[in-house]
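Chemist: In case you want the letters, here they are:
Protein chains: 2
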Amino acid sequence: MINAIGREIPENIAGIKNIKPYSGPFAYTPAGRLTGPTIILNKPRSEKVLKSIEQAIDATGLKDGMTISFHHHFRNGDYVLNMVVAAIARKGIRDLTLAPSSLNNINEEIIPYIEQGVITAIETSGARGKLGKLLTNGKMKKTTIIRSHGGRARAIECGELHIDVAFLGAPACDTYGNMNGVEGKSACGSLGYAMVDAAYADKVVAITDHLVPYPLYPVSIPQTQVDYIVPVEAIGDPKGIASGALRISKDPRELLIAQYATTAIEYSGYFNQDYSIQLGSGGASLAAAQFLKEKMKQQGITASFGLGGVTAPFIEMLDEGLIKAIYDVQDFDIPSIQSMKKNANHQEMSASFYANPHNRGPIVNQLDVVILSATEVDVDFNVNVITDSNGVIMGAVGGHQDTAAGAALSIVVAPLLRGRLPMVIDQVHTVCTPGETVDIIVTERGVAVNPRRKDLRDNLREANIPLMDIEELRDIAYEFAGKPDPILVSDEVAAAVEYRDGTLIDVIRKPL
Amino acid sequence: MINAIGREIPENIAGIKNIKPYSGPFAYTPAGRLTGPTIILNKPRSEKVLKSIEQAIDATGLKDGMTISFHHHFRNGDYVLNMVVAAIARKGIRDLTLAPSSLNNINEEIIPYIEQGVITAIETSGARGKLGKLLTNGKMKKTTIIRSHGGRARAIECGELHIDVAFLGAPACDTYGNMNGVEGKSACGSLGYAMVDAAYADKVVAITDHLVPYPLYPVSIPQTQVDYIVPVEAIGDPKGIASGALRISKDPRELLIAQYATTAIEYSGYFNQDYSIQLGSGGASLAAAQFLKEKMKQQGITASFGLGGVTAPFIEMLDEGLIKAIYDVQDFDIPSIQSMKKNANHQEMSASFYANPHNRGPIVNQLDVVILSATEVDVDFNVNVITDSNGVIMGAVGGHQDTAAGAALSIVVAPLLRGRLPMVIDQVHTVCTPGETVDIIVTERGVAVNPRRKDLRDNLREANIPLMDIEELRDIAYEFAGKPDPILVSDEVAAAVEYRDGTLIDVIRKPL
Numbered sequence: 001m002i003n004a005i006g007r008e009i010p011e012n013i014a015g016i017k018n019i020k021p022y023s024g025p026f027a028y029t030p031a032g033r034l035t036g037p038t039i040i041l042n043k044p045r046s047e048k049v050l051k052s053i054e055q056a057i058d059a060t061g062l063k064d065g066m067t068i069s070f071h072h073h074f075r076n077g078d079y080v081l082n083m084v085v086a087a088i089a090r091k092g093i094r095d096l097t098l099a100p101s102s103l104n105n106i107n108e109e110i111i112p113y114i115e116q117g118v119i120t121a122i123e124t125s126g127a128r129g130k131l132g133k134l135l136t137n138g139k140m141k142k143t144t145i146i147r148s149h150g151g152r153a154r155a156i157e158c159g160e161l162h163i164d165v166a167f168l169g170a171p172a173c174d175t176y177g178n179m180n181g182v183e184g185k186s187a188c189g190s191l192g193y194a195m196v197d198a199a200y201a202d203k204v205v206a207i208t209d210h211l212v213p214y215p216l217y218p219v220s221i222p223q224t225q226v227d228y229i230v231p232v233e234a235i236g237d238p239k240g241i242a243s244g245a246l247r248i249s250k251d252p253r254e255l256l257i258a259q260y261a262t263t264a265i266e267y268s269g270y271f272n273q274d275y276s277i278q279l280g281s282g283g284a285s286l287a288a289a290q291f292l293k294e295k296m297k298q299q300g301i302t303a304s305f306g307l308g309g310v311t312a313p314f315i316e317m318l319d320e321g322l323i324k325a326i327y328d329v330q331d332f333d334i335p336s337i338q339s340m341k342k343n344a345n346h347q348e349m350s351a352s353f354y355a356n357p358h359n360r361g362p363i364v365n366q367l368d369v370v371i372l373s374a375t376e377v378d379v380d381f382n383v384n385v386i387t388d389s390n391g392v393i394m395g396a397v398g399g400h401q402d403t404a405a406g407a408a409l410s411i412v413v414a415p416l417l418r419g420r421l422p423m424v425i426d427q428v429h430t431v432c433t434p435g436e437t438v439d440i441i442v443t444e445r446g447v448a449v450n451p452r453r454k455d456l457r458d459n460l461r462e463a464n465i466p467l468m469d470i471e472e473l474r475d476i477a478y479e480f481a482g483k484p485d486p487i488l489v490s491d492e493v494a495a496a497v498e499y500r501d502g503t504l505i506d507v508i509r510k511p512l
Numbered sequence: 001m002i003n004a005i006g007r008e009i010p011e012n013i014a015g016i017k018n019i020k021p022y023s024g025p026f027a028y029t030p031a032g033r034l035t036g037p038t039i040i041l042n043k044p045r046s047e048k049v050l051k052s053i054e055q056a057i058d059a060t061g062l063k064d065g066m067t068i069s070f071h072h073h074f075r076n077g078d079y080v081l082n083m084v085v086a087a088i089a090r091k092g093i094r095d096l097t098l099a100p101s102s103l104n105n106i107n108e109e110i111i112p113y114i115e116q117g118v119i120t121a122i123e124t125s126g127a128r129g130k131l132g133k134l135l136t137n138g139k140m141k142k143t144t145i146i147r148s149h150g151g152r153a154r155a156i157e158c159g160e161l162h163i164d165v166a167f168l169g170a171p172a173c174d175t176y177g178n179m180n181g182v183e184g185k186s187a188c189g190s191l192g193y194a195m196v197d198a199a200y201a202d203k204v205v206a207i208t209d210h211l212v213p214y215p216l217y218p219v220s221i222p223q224t225q226v227d228y229i230v231p232v233e234a235i236g237d238p239k240g241i242a243s244g245a246l247r248i249s250k251d252p253r254e255l256l257i258a259q260y261a262t263t264a265i266e267y268s269g270y271f272n273q274d275y276s277i278q279l280g281s282g283g284a285s286l287a288a289a290q291f292l293k294e295k296m297k298q299q300g301i302t303a304s305f306g307l308g309g310v311t312a313p314f315i316e317m318l319d320e321g322l323i324k325a326i327y328d329v330q331d332f333d334i335p336s337i338q339s340m341k342k343n344a345n346h347q348e349m350s351a352s353f354y355a356n357p358h359n360r361g362p363i364v365n366q367l368d369v370v371i372l373s374a375t376e377v378d379v380d381f382n383v384n385v386i387t388d389s390n391g392v393i394m395g396a397v398g399g400h401q402d403t404a405a406g407a408a409l410s411i412v413v414a415p416l417l418r419g420r421l422p423m424v425i426d427q428v429h430t431v432c433t434p435g436e437t438v439d440i441i442v443t444e445r446g447v448a449v450n451p452r453r454k455d456l457r458d459n460l461r462e463a464n465i466p467l468m469d470i471e472e473l474r475d476i477a478y479e480f481a482g483k484p485d486p487i488l489v490s491d492e493v494a495a496a497v498e499y500r501d502g503t504l505i506d507v508i509r510k511p512l
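Quick mapping for you: the protein sequence lines, in order, are chains A and B.
For the first sequence, counting from 1, position 90 maps to 90 in full-length UniProt numbering; every step adds exactly one.
For the second sequence, counting from 1, position 196 maps to 196 in full-length UniProt numbering; every step adds exactly one.
Please keep in mind that the hints were generated in silico from the structure rather than gathered at the bench.
Hints are supplied without guarantee of correctness; some may be wrong.
[Unchecked claim] Some but not every residue of chain A turned toward chain B, in silico, with C-beta under 7 Å:
1. G36
2. Y217
3. P222
4. Q225
5. P252
6. R253
7. F305
[What the hints assert, rightly or not] Calculated cross-link-like contacts (lysine to any residue; reagent style SDA-like; alpha-carbon spacing at most 20 Å):
8. K139/A <-> E109/A
9. K324/A <-> K510/B
10. K324/B <-> P213/A
11. K341/B <-> V219/A
12. K341/A <-> N343/B
13. K510/B <-> P486/B
14. K43/A <-> K43/B
15. K342/B <-> A31/A
16. K43/B <-> A31/A
17. K454/B <-> T263/B
18. K324/B <-> A31/A
19. K239/A <-> I334/A
20. K43/A <-> P486/B
21. K239/B <-> G282/B
22. K342/A <-> Y217/B
23. K324/B <-> L211/A
24. K342/A <-> P486/B
25. K43/A <-> S23/B
Just so it is clear, the structure is predicted and the values come from calculations on it, not from any experiment.
Just so it is clear, CB atoms sit at the ideal spot from N, CA and C, and this is done for glycine as well.
Please model the entire structure based on the sequences and the hints provided.
Modeler: So this is what it looks like as structure tokens:
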């Protein structure tokens with residue numbers, strides 16, 4: 001099958017049911033009903049606190065072939081996924097599907113369990129390092145499924161991704177399962193991704209290093225969704241969970257990209273009182289936050305809300321009254337975590353509220369402007385954020401597809417070259433976000449507006465930025481670095497990249 | 001069929017599928033999965049705000065035979081139910097099931113539409129006045145179903161009560177459907193009952209008299225659950241929605257009952273640091289709050305949380321630090337509404353979090369002490385709160401069954417006589433709450449402990465209250481007022497009273 005962006009999608013992919021080719025950002029109309037977890041009876045004053053992860057595994061009835069899930073708010077400080085998988089392996093349970101909201105380098109520890117067959121399938125937003133290589137090399141029994149944050153929420157809620165047991169790291173948890181992410185030594189802030197798992201998994205285990213007396217509030221995940229609680233010594237390494245406030249880039253190229261991006265916003269027609277914005281956590285995005293702040297102050301404009309993975313520059317804007325409210329699905333640094341704890345204008349949201357395309361409207365549907373990064377982009381404005389120049393998985397889709405589709409203005413920032421590699425090319429190796437949902441590509445050499453957005457191109461004529469066609473950008477890149485050879489791949493599909501609506505936008509084939 | 005408390009339940013009841021006799025408070029084990037609403041696609045920047053209720057009715061696709069729901073937080077000030085049913089009637093739609101969280105006297109306005117066949121079935125927590133009479137007289141096409149607040153949440157979540165369209169009064173609502181109950185001229189406080197409807201109904205219409213710019217927070221019901229929004233002039237009469245702080249009773253009989261009840265709590269073994277409590281909104285309950293407050297101050301005891309329909313005495317205890325936190329499913333007065341808005345220790349909760357027996361544990365499961373009222377009680381400690389001395393529906397089950405089952409100590413307060421009618425009798429006309437879940441009956445003449453709770457009886461020996469057997473209380477009542485004649489009823493079942501788990505605890509037959 002050839003999908004709507006011209007990618008060949010095999011009609012059969014091992015381990016993937018009901019393959020639907022991508023047909024446009026809002027072309028697929030879903031049917032059916034949301035699913036739900038099994039119905040149970042929990043008697044008054046029942047005991048949910050168990051002694052060990054092993055005991056919890058037994059209590060959940062986890063068996064060969066089931067699906068387990070985790071959330072990645074602990075980022076590179078996560079201990080939970082690794083210790084649970086190790087405990088499952090010790091019990092001799094095999095052939096599990098691992099469905100975390102994402103994977104980080106620290107999760108490389110589970111590679112031996114993948115090799116031993118404890119984990120034989122993975123569904124994730126992405127992977128890096130050795131895990132990324134392993135997934136690309138097609139060594140899993142089943143094809144890896146890559147989903148955006150909104151797509152994962154959708155898949156869980158409609159039952160496509162059925163979670164048998166969710167193991168959720170809880171920075172603070174009471175004795176009946178109410179949890180939040182803002183207290184305790186392993187505070188990570190928002191529990192936005194985990195909220196979906198908790199609401200739909202058949203069994204939910206809270207693993208905590210900060211068990212508190214009942215009742216704990218505010219409640220991010222309620223007792224009504226939690227079956228068991230396991231206190232442990234530590235669920236994460238605070239240094240890996242959250243960094244201090246990130247230093248703003250001094251890289252002149254990043255600063256130039258940030259300047260072009262903010263100027264593009266300024267002239268786009270969307271830079272109005274009460275506009276809304278999501279910024280990424282990359283260097284250029286963080287720098288853009290600084291420039292945008294200055295422009296907002298100069299012009300007396302404030303934003304109605306800010307979205308996303310939250311970083312300190314956003315918190316500064318909130319604290320200075322430049323943004324009225326922040327909606328937070330994940331925190332990247334300590335200032336963000338502290339802000340969510342203390343500031344009522346800093347609201348936690350679930351991945352479904354954030355980005356699920358198949359509810360009554362996620363908040364990305366109300367987003368004006370998003371700045372997104374890219375590994376590579378192509379002349380059709382398609383964006384790759386998942387595979388590197390060797391075709392190896394080294395990133396994550398995250399909210400890229402979701403915000404690009406939802407935002408009125410989606411800006412992708414990328415250097416024109418990385419080392420000796422052009423980043424604007426004829427065809428990206430892997431399409432994560434379709435060009436139809438990308439409005440502007442900003443590089444240090446020039447800014448290209450998607451021809452679908454003549455209105456934008458007109459607006460930007462006034463701006464003092466080097467507008468050019470995307471083909472010109474590609475030509476400059478090729479001139480400097482040469483046209484890259486295509487990555488040679490086998491027929492073997494290692495991973496399928498879902499669009500947020502559950503259709504397949506691309507597949508990742510094993511490189512030769 | 002004879003159920004576990006000896007009530008005869010017909011094997012066939014018109015309009016009720018899958019009849020299960022009550023078999024004990026935790027004897028029924030549920031199966032299956034939670035259900036969910038239909039899955040839809042909502043495109044970015046779609047318009048949800050419609051011009052009229054008629055337009056919303058059209059947009060939802062409401063048809064003959066469907067089920068509509070409402071919430072009763074506006075109490076006797078509710079305009080929403082009446083105006084929506086009138087609009088539906090004008091459209092010629094018929095044969096609907098009306099499934100509000102409860103009905104108030106103000107809803108008598110819909111009686112003509114019941115008579116015309118617009119509404120032919122009702123599922124509610126209760127009814128009063130003319131509506132109660134109408135339901136008792138068996139004039140509906142289908143049998144009325146009476147459910148507790150927790151039972152209703154359960155029925156909605158498991159699909160037994162499938163709501164096609166929920167019409168939710170929204171004291172504050174933004175243009176994409178985020179709503180809360182603490183702002184606007186019709187503020188009612190918690191939207192706890194409506195949260196369940198919003199999460200499970202196929203279509204959700206927010207009707208608001210306070211439409212605000214996007215985004216509104218705090219969010220009680222999220223945009224992800226709301227299909228349409230209709231701004232109207234007024235959704236309620238503030239005078240009917242919330243009273244000022246209620247005056248504490250000066251009725252010496254109520255004060256005596258309150259005193260016995262609080263003394264019983266004091267000696268029960270549950271009056272400990274960090275105990276938890278729910279108080280009703282009746283006169284004796286409010287008086288009990290005052291006495292309890294004094295005892296807590298004297299003994300230096302504070303409560304970990306308070307629950308329920310919230311009233312000003314509770315707010316005073318919260319503000320004075322006697323209760324650490326309040327969990328709120330409904331507000332009865334202005335101080336309570338204001339407290340929920342401003343006090344982070346005053347948490348809103350859904351009816352499912354409050355009392356649904358079939359989730360991972362509602363908060364009633366952690367409740368130590370509840371004081372409940374009663375219309376009549378019997379020597380088996382069964383409680384009637386729904387029918388009067390003529391067998392006519394004149395009350396609501398509310399959270400009675402739920403808190404009695406959940407609390408470690410459930411105290412029922414009732415006068416021994418009302419006028420010339422004994423309130424402790426051989427057999428209540430309608431069992432709402434099974435005696436097995438009732439621990440103490442407190443009257444102005446004496447206090448009876450359920451023989452199942454020998455531990456409690458032992459603890460109360462020390463207390464200076466007139467302990468007696470329940471039969472003694474009955475005998476005193478009969479001595480004063482005579483043994484009442486049984487209410488003569490026909491074979492016709494007008495209403496079925498569900499226990500919170502979905503089994504039938506009793507039926508209400510049409511009086512002769």
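Chemist: None of the hints should be skipped; say for each whether it holds.
Modeler: Against the structure, the hints:
With a cut of 7 Å, the hint placing G36/A at the interface with chain B holds, because the nearest CB-to-CB distance is about 3 Å. Proximity of Y217/A to chain B holds as hinted, the smallest CB-CB distance being about 5 Å (cut-off 7 Å). Interface restraint check: P222/A against chain B, minimum CB-CB distance 6 Å, threshold 7 Å, status holds. Annotation: interface hint on Q225/A holds; nearest CB of chain B at approximately 6 Å, less than 7 Å.
Interface hint status for P252/A: violated, as the beta-carbon distance to the closest one in chain B is roughly 35 Å, over 7 Å. At its closest, the beta carbon of R253/A sits 32 Å from a beta carbon of chain B; the interface hint therefore is violated under the 7 Å criterion. Interface restraint check: F305/A against chain B, minimum CB-CB distance 5 Å, threshold 7 Å, status holds. For the hint pairing K139/A with E109/A, the CA-to-CA distance comes to about 17 Å; that is within 20 Å, so the pair holds.
Of the pairs offered as hints, the one joining K324/A and K510/B is violated, with about 58 Å between alpha carbons and a cut-off of 20 Å exceeded. Restraint check: the Cα-Cα separation between K324/B and P213/A comes to about 12 Å, which is no more than 20 Å; the hinted pair holds. Between K341/B and V219/A, the direct Cα distance comes to roughly 17 Å. Compliance with the 20 Å bound is thereby established for this hinted pair. Taking the CA atoms of K341/A and N343/B, the gap is near 15 Å; set against the 20 Å cutoff, the hint holds.
Note on K510/B and P486/B: the hinted pairing holds, with a Cα-Cα distance of about 14 Å set against a maximum of 20 Å. Only pairs whose Cα atoms come within 20 Å are accepted, and K43/A paired with K43/B is rejected, the gap being roughly 42 Å. The suggested pairing of K342/B with A31/A is violated, with an alpha-carbon distance near 41 Å, which exceeds 20 Å. With a CA separation close to 15 Å, the supplied pair K43/B and A31/A stays within the 20 Å bound.
Pair hint K454/B plus T263/B holds up; C-alpha atoms about 17 Å apart against a cutoff of 20 Å. A distance of roughly 45 Å separates the Cα atoms of K324/B and A31/A; the hinted pair therefore is violated under the 20 Å criterion. For the given pair, K239/A sits about 10 Å from I334/A by alpha-carbon distance, which is consistent with the 20 Å threshold. Of the supplied pair hints, the one linking K43/A and P486/B is violated, its CA atoms being roughly 36 Å apart against a limit of 20 Å.
Proximity of K239/B to G282/B is assessed by CA-CA distance (about 19 Å); at most 20 Å being required, the pair is judged to hold. The straight-line distance between the Cα atoms of K342/A and Y217/B is roughly 15 Å, inside the 20 Å bound, and the hint therefore holds. Taken as a hint, the K324/B and L211/A pair is honoured in the structure, with Cα atoms around 18 Å apart against an allowance of 20 Å. A distance of roughly 60 Å separates the Cα atoms of K342/A and P486/B; the hinted pair therefore is violated under the 20 Å criterion.
At roughly 15 Å between alpha-carbon atoms, K43/A and S23/B fall within 20 Å of each other, so this suggested pair holds.
Hints 5, 6, 9, 14, 15, 18, 20 and 24 from the earlier list are contradicted by this structure; the remaining hints agree with it.
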